[in-house]
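K.L.:
Following the hints, complete the assembly by docking chain S onto the known chain H.
Chains as they are written, first to last, in this note's numbering: chain H, 1062 to 1417; chain S, 1062 to 1417.
No lab work stands behind these hints, which were simulated from the structure alone. In this text, a Cβ means the ideal position worked out from N, Cα and C, and glycines have one as well. One should not assume that every hint holds.
As the list claims (entries may be wrong) - For lysine-lysine, the following DSS-like pairs were computed, each having C-alpha atoms within a straight-line distance of at most 27 Å:
id: 1; chain 1: S; residue 1: Lys-1065; chain 2: S; residue 2: Lys-1146
id: 2; chain 1: S; residue 1: Lys-1233; chain 2: H; residue 2: Lys-1246
id: 3; chain 1: H; residue 1: Lys-1218; chain 2: S; residue 2: Lys-1233
id: 4; chain 1: H; residue 1: Lys-1233; chain 2: S; residue 2: Lys-1233
Stated by the list, open to error - According to the in silico footprint, chain H covers these stretches of chain S (three or more CB under 8 Å from chain H):
id: 5; segment: 1221-1233
id: 6; segment: 1307-1314
There are 2 protein chains.
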Amino acid sequence: MTAKIRVGITHGDTNGVGWELILKAFANNEIFDLCQPIVYGSEKVASYYRKTLEQTATWRVVGDAAEAKDGQLNLVDVVGESEVKIEPGQSSPEAGRMARLALEAAVADAKAGKIDVLVTCPINKAGIQSDEFRFPGHTEYLQSAFGSNGLMILMNKTLRVALVTTHLPLSKVADSITADRVEEKLRQIHLSLKRDFCLSAPRIAVLSLNPHCGDSGLLGNEENDIIRPLVQKMNEEGMPCFGPYGADGFFGAGMYRHFDAVLAMYHDQGLAPFKALSMGESVNYTSGLDIVRTSPDHGTAYDIAGKGKASEVSLLQAVYAAIDIYRNRARYDEVHANPLPFGSHERRDNRRTFNG
Amino acid sequence: MTAKIRVGITHGDTNGVGWELILKAFANNEIFDLCQPIVYGSEKVASYYRKTLEQTATWRVVGDAAEAKDGQLNLVDVVGESEVKIEPGQSSPEAGRMARLALEAAVADAKAGKIDVLVTCPINKAGIQSDEFRFPGHTEYLQSAFGSNGLMILMNKTLRVALVTTHLPLSKVADSITADRVEEKLRQIHLSLKRDFCLSAPRIAVLSLNPHCGDSGLLGNEENDIIRPLVQKMNEEGMPCFGPYGADGFFGAGMYRHFDAVLAMYHDQGLAPFKALSMGESVNYTSGLDIVRTSPDHGTAYDIAGKGKASEVSLLQAVYAAIDIYRNRARYDEVHANPLPFGSHERRDNRRTFNG
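Excised from the complex, chain H in its bound form (with noise of 0.2 Å):
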């Protein structure tokens, strides 16, 4: 039997539904055939949640991700203390803190090689500001941990985005799309497609930054002066991508099912047909971190914490993706760890040539 993939969870906002997704997520004993879960967060709240939730999982305290076995949930106490407050809905330091000392054991573990991905609950941006931690969001955290450009990638079953310009004024927009940066965001979606999704070919649709393409220039020249170029130029390096498209034909039609990835140019053009597509399955994935790293699409959802009201299905979603990633970049980079001097495809020209 193989080993099985060790997923590393961090609780999240103790104040927000973290755990309830997890006591949802892990009360049915088959998802331990697929993964060895190890949950980073504090027994205290995973009890109370319990409780009040009348939830049925169950776990077992590991002094250390090392012990952690199959076939249960193990949970690494990361808090420890057993007067903690809970005050579901609320931002609170204290429930910060405790987001905070997941992250940073899960982190610490993944560098040691102890977990194989890693899936983060929500966290309140407010609330885990402090001496400790200063970072807009997981994403800037984890970049700086690890210390490379992560790309954040948007997925679902049929469709996957990502963003040229991020959490920017939509003033400020128009001015950072540069042939550069597009230029970069391609070149990690491809990589991450081909090591990450097991795509040979992969194909790029590129939406337009105007609406309608910019109307031959009618509605503004970043399509003719940038984006066009750009998607040419790619073409004949040998990357497969397209457009630019207007945004709103291009989800209208359904032309996203024709690619494996879209590269949209802002937050709102991206995400909110994404999402709009999504009704709620849809998972948050960091590209280009040496750990595998997903989350749920959704965040601490204050407004039903503590009310058994959320769902489970994007952090069990967030799972599957984390472990078919992991599966797929081992096959990648075991195929890609010893290339030939001269492999086939390069010497195919000659052999034809010779045995012709």
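P.N.:
Just chain S, lined up with the frame of chain H:
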């Protein structure tokens, strides 16, 4: 028997899918129970598509819309030539000219009271430009023809979306979001929801300009400076509007279901998620004109023109929507035609004091 609503329909660009939609939509006689359709177009072109696409719909040519009869597809031949050039899928001045003739005749008849509502098939924006026609599209032409500020509302079964800015380069959007402009659009939508959709207390959702509602100013100030104060002001005036909402969360959580209309700040923000959710069954409605005007949500579809692949669903929805709105308006206008000098709700406080 009450008179049927007279639906004027323009054939649009003759190299596009207009005639195919019309022939398919009126192939079934049942629609004649609902309305009296009067097509403005070319009989020659109609015959061409009827034959090549093996359609069964028939029509009667009438010399004037006033001679149109119930129970049949009436055709006003606005071209009247026996030799016309038809090149499916090609933009041509000839196709543009025929589109213009239909539009001009239908608008003249609308003004003369010969039709009750107007449904337009798609035109090609490039092909129709000429010395006689210098407008970017239907909406602008109709605004000019009827001398009023129309507001485009895109709608499907569950959702109505209007835009504060429409065909603008993205770099110019932020500067165009002013309190006056947003307020004007809110008033237009509000009146339209009451008069055209018979909603006595419509609820309008307002989207934010920046991602995540500007994240307390971190991602832009337009929410705090412009949109929030305006929403508050409108509510104080008795117009129930809500927001601002970040577009991705709003569509992702299905919040649009709780509102009668959504006001988006710019083109792709509103139309990309709207069209993603519409699946080709939406209608474009120009509110605020003297005549009720609707159109299908798609363009000339040159890529499938003349191939029999076009779906008539959106055209039919446009016809149904126009009829519904016409009826609603008639009801609203009747009720509001002769208000009492002192309405009962204005007297209520006085009477209470008087009776109490």
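K.L.:
Does each hint fit the structure? Answer for all of them.
P.N.:
Now for the hints, and whether the structure bears them out:
Of the supplied pair hints, the one linking Lys-1065 (chain S) and Lys-1146 (chain S) is violated, its CA atoms being roughly 35 Å apart against a limit of 27 Å. As the CA atoms of Lys-1233 (chain S) and Lys-1246 (chain H) are separated by approximately 25 Å, the hinted pair is consistent with the 27 Å bound. Taking the CA atoms of Lys-1218 (chain H) and Lys-1233 (chain S), the gap is near 35 Å; set against the 27 Å cutoff, the hint is violated. Restraint check for Lys-1233 (chain H) and Lys-1233 (chain S): satisfied, since their Cα atoms lie roughly 10 Å apart, inside the 27 Å limit.
Given a C-beta distance limit of less than 8 Å, the hint that chain H covers the segment 1221-1233 of chain S holds, as 6 residues qualify and 3 suffice. For the segment 1307-1314 of chain S, the stated coverage by chain H is satisfied: 8 residues place a CB nearer than 8 Å to a CB of that chain, which reaches the threshold of 3.
In summary, the numbered hints that this structure violates are 1 and 3.
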